[in-house]
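Based on these hints, arrange chain B on the given structure of chain A.
Number of protein chains: 2
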Amino acid sequence: MGFEDSLPDSLPDFPPDCLATLTINLGTLIRNYKSCIQLAGDTECAGVVKADAYGMGITHVAPALFHKANCRIFFVANLAEAIKLRRILPDTVIYVLNGVFSGHEGYFIKNNLRPVLNDLTQTALWQAVSPENRPACAIHFDTGINRLGLSPKETTQFINDVSARKGLDISLIMSHLACSDDPDNPMNAQQLADFKAITRNFPDIPASLANSGGILLGPDYYFDLVRPGILMYGGNPSKGAMPKNIKVPFQILGKILQIRTVDAGQSVGYGATWTAKQSRHIATINIGYGDGYPQMFNNCGWVCIKGVKVPVVGRVSMDMITVDVTDLYPQKIDPECDVELLGPHITLEMASEVSTLSQYEILTGVRERYQRIYI
Amino acid sequence: MGFEDSLPDSLPDFPPDCLATLTINLGTLIRNYKSCIQLAGDTECAGVVKADAYGMGITHVAPALFHKANCRIFFVANLAEAIKLRRILPDTVIYVLNGVFSGHEGYFIKNNLRPVLNDLTQTALWQAVSPENRPACAIHFDTGINRLGLSPKETTQFINDVSARKGLDISLIMSHLACSDDPDNPMNAQQLADFKAITRNFPDIPASLANSGGILLGPDYYFDLVRPGILMYGGNPSKGAMPKNIKVPFQILGKILQIRTVDAGQSVGYGATWTAKQSRHIATINIGYGDGYPQMFNNCGWVCIKGVKVPVVGRVSMDMITVDVTDLYPQKIDPECDVELLGPHITLEMASEVSTLSQYEILTGVRERYQRIYI
Chain A
1 MGFEDSLPDS
11 LPDFPPDCLA
21 TLTINLGTLI
31 RNYKSCIQLA
41 GDTECAGVVK
51 ADAYGMGITH
61 VAPALFHKAN
71 CRIFFVANLA
81 EAIKLRRILP
91 DTVIYVLNGV
101 FSGHEGYFIK
111 NNLRPVLNDL
121 TQTALWQAVS
131 PENRPACAIH
141 FDTGINRLGL
151 SPKETTQFIN
161 DVSARKGLDI
171 SLIMSHLACS
181 DDPDNPMNAQ
191 QLADFKAITR
201 NFPDIPASLA
211 NSGGILLGPD
221 YYFDLVRPGI
231 LMYGGNPSKG
241 AMPKNIKVPF
251 QILGKILQIR
261 TVDAGQSVGY
271 GATWTAKQSR
281 HIATINIGYG
291 DGYPQMFNNC
301 GWVCIKGVKV
311 PVVGRVSMDM
321 ITVDVTDLYP
331 QKIDPECDVE
341 LLGPHITLEM
351 ASEVSTLSQY
361 EILTGVRERY
371 QRIYI
Chain B
1001 MGFEDSLPDS
1011 LPDFPPDCLA
1021 TLTINLGTLI
1031 RNYKSCIQLA
1041 GDTECAGVVK
1051 ADAYGMGITH
1061 VAPALFHKAN
1071 CRIFFVANLA
1081 EAIKLRRILP
1091 DTVIYVLNGV
1101 FSGHEGYFIK
1111 NNLRPVLNDL
1121 TQTALWQAVS
1131 PENRPACAIH
1141 FDTGINRLGL
1151 SPKETTQFIN
1161 DVSARKGLDI
1171 SLIMSHLACS
1181 DDPDNPMNAQ
1191 QLADFKAITR
1201 NFPDIPASLA
1211 NSGGILLGPD
1221 YYFDLVRPGI
1231 LMYGGNPSKG
1241 AMPKNIKVPF
1251 QILGKILQIR
1261 TVDAGQSVGY
1271 GATWTAKQSR
1281 HIATINIGYG
1291 DGYPQMFNNC
1301 GWVCIKGVKV
1311 PVVGRVSMDM
1321 ITVDVTDLYP
1331 QKIDPECDVE
1341 LLGPHITLEM
1351 ASEVSTLSQY
1361 EILTGVRERY
1371 QRIYI
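Order-wise, the sequence lines are chains A and B.
Letter 144 of the first sequence, counting from 1, is numbered 144 in the numbering used here, and no numbers are missing.
Residues are numbered in the numbering used here as their position in the second sequence, beginning at 1, plus a constant of 1000.
Same shape as in the complex, but just chain A (with noise of 0.2 Å):
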């Protein structure tokens, strides 16, 4: 393209500012994750990274929480996952919570893995791999989530049946908190029990409970090992208050595109489900479904601008979504504003409260589309 070849070249790629941003201070998480050491009593803790390290990037918060808080046990949903991360610390514990398949167990000993054992299928097919180069693994047992996990029956028979585990090198048991969120729930102290009956049938084995949620439990609850995810990222795992010293690592901020004046009786966005009752200014954001902010924030979600809150007004579109900057305009707002649709001013449980989301679904939502800035 001749066209092409008579401009300048000395352009980068992609103009620096072209992009809503997610910015992830990863000084904030990796402190997020030594107040959930200090939270657990300075139970050892594992790094819980599946799903992309809840949408904040593994390549980049594994390794900070190996190197600068010394974290040596991470979990990952499933093989690929774990493959990803074992590329990126060749020398730390990986646990692969889905377990291990036919026809994978080459993998897991190719990359020293070890696999969650789920079920008697999955621990007979652990002990069918010859122990020379085979990693250790954990057994799960399940106390009540019926979602992953030996079932009460298996849980018996693993442990009355000793060729059930003959071989194995288990250097974990464990479980999974079904109410964690809520202390008040009954089923809590039930798993407790459970599993708490389980342990005593492997004294010499760690053994671990605690999700965030169980971490906010108490002491009861943390074992040898606790797993906290959401707290690490920002998030409450609790209905009750947010521990002090957690802090939000992550901010999303989008560009104005556009501020426009709309007179009273007009709509604003698609099926026209904002009506303004007086003349108001609209400005339009660069950030919409297809980024992760769900169309849950359709005229109730909150940004922040110039410290300001201000509401979203009409349906969250696929590449914007358009908020109401009356009480800024114009003095206290211009196209260069930032706007925060998530971080330290507009948090998860902000978000969660107004949009009856999940905070983890509001947090692993975030898309590819953003610019990531790590700091």
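No lab work stands behind these hints: they were computed from the structure.
Just to be clear, a hint being listed does not mean it is correct.
[What the hints assert, rightly or not] Covered stretches of chain A (in silico footprint by chain B; criterion: 3 or more residues with CB under 8 Å from a CB of chain B, positions within the stretch not fixed):
(1) 97-103
(2) 174-183
(3) 252-264
(4) 358-368
Quick reminder that beta carbons are idealized off the backbone N, C-alpha and C, glycines included.
Just chain B now, with coordinates in the frame of chain A:
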């Protein structure tokens, strides 16, 4: 690591079957695109590929449209998407819907991108660029969605004041419908009338109004170019019946991690939101909201196994869902079964109806954790 060195190196990096898959049938997508042209009475048809081609992957979708369907006009949301697309397709028209911002002009020139100018600030900015290498532009007139585009006041000024458009090489004038999903909404006719009035001032410039929904509103809405998005990707933009020739071009398949028996009175998943009234068989599937399967499917989604629809029970987890497979157990189900979460059997329309989420959001929500397969 001597440990690793001692192992055979013959394994590929990842096993081919350790992830849930998103299969995209480019042939079906192309047929949908051609059906859109037919529906629009052979009006020229652009390809809307913003938000990574609605989540389906711009690097595959755009070349297929260009090479297999002769699509020569593409729309993206922002400059970064446009630059990416330009690298894939050096010789096609690319419009950037967000328009151009100060400091970005050089990137439009260098990459031969056409901005969709949305206000008089943008038209003035583009006028100020030396016309020598300046690409053509589109003008977006807002006719009521109040999101982007010249306001009625700006439109009047742009039409009446020759200096406001002096020197601009306008290749397209356009507007965007707010309520095209609802054929009975009077706003459609109003926007049509307003846009028609505008086009009379630009008799020699091609005009475009219809998105997918607009195509289904009929010939009055076609003008010179239609811009189908969701129809191409197998979604229904209208409250009316889906056009016959539009097929779902993708399929999301999960794998069964475990099948367990849950006794009467036992609950499943976080928050114990589902309780078995009688003994049930529950399969845990390796897809969750971390993959973009929203929690709005909690206790109301459906999946398809061997042609049979079975319900999601309990909450969607980050990495898993649980489904009730009692009707299939044990003869009709085994751990090797594929589980369709979205595709030809569980269509966007069906998924939207049970979840109340828009088809657009469900579609563009698909995440990067899926193994993507293009056929």
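Do the hints match the structure? See the list:
Requiring three or more residues with a Cβ within less than 8 Å of a Cβ of chain B, the coverage given for the region 97-103 of chain A holds, as 5 such residues are present. Coverage of a stretch by a chain is defined here by at least three residues with a beta carbon nearer than 8 Å to that chain's beta carbons; for the region 174-183 of chain A and chain B the count is 4, and the condition holds. Counting residues of the region 252-264 of chain A whose beta carbon lies closer than 8 Å to any beta carbon of chain B gives 5, which meets the minimum of three for the stated coverage. Judged by the Cβ-Cβ criterion of 8 Å, the region 358-368 of chain A is covered by chain B as claimed, because 7 of its residues qualify and three suffice.
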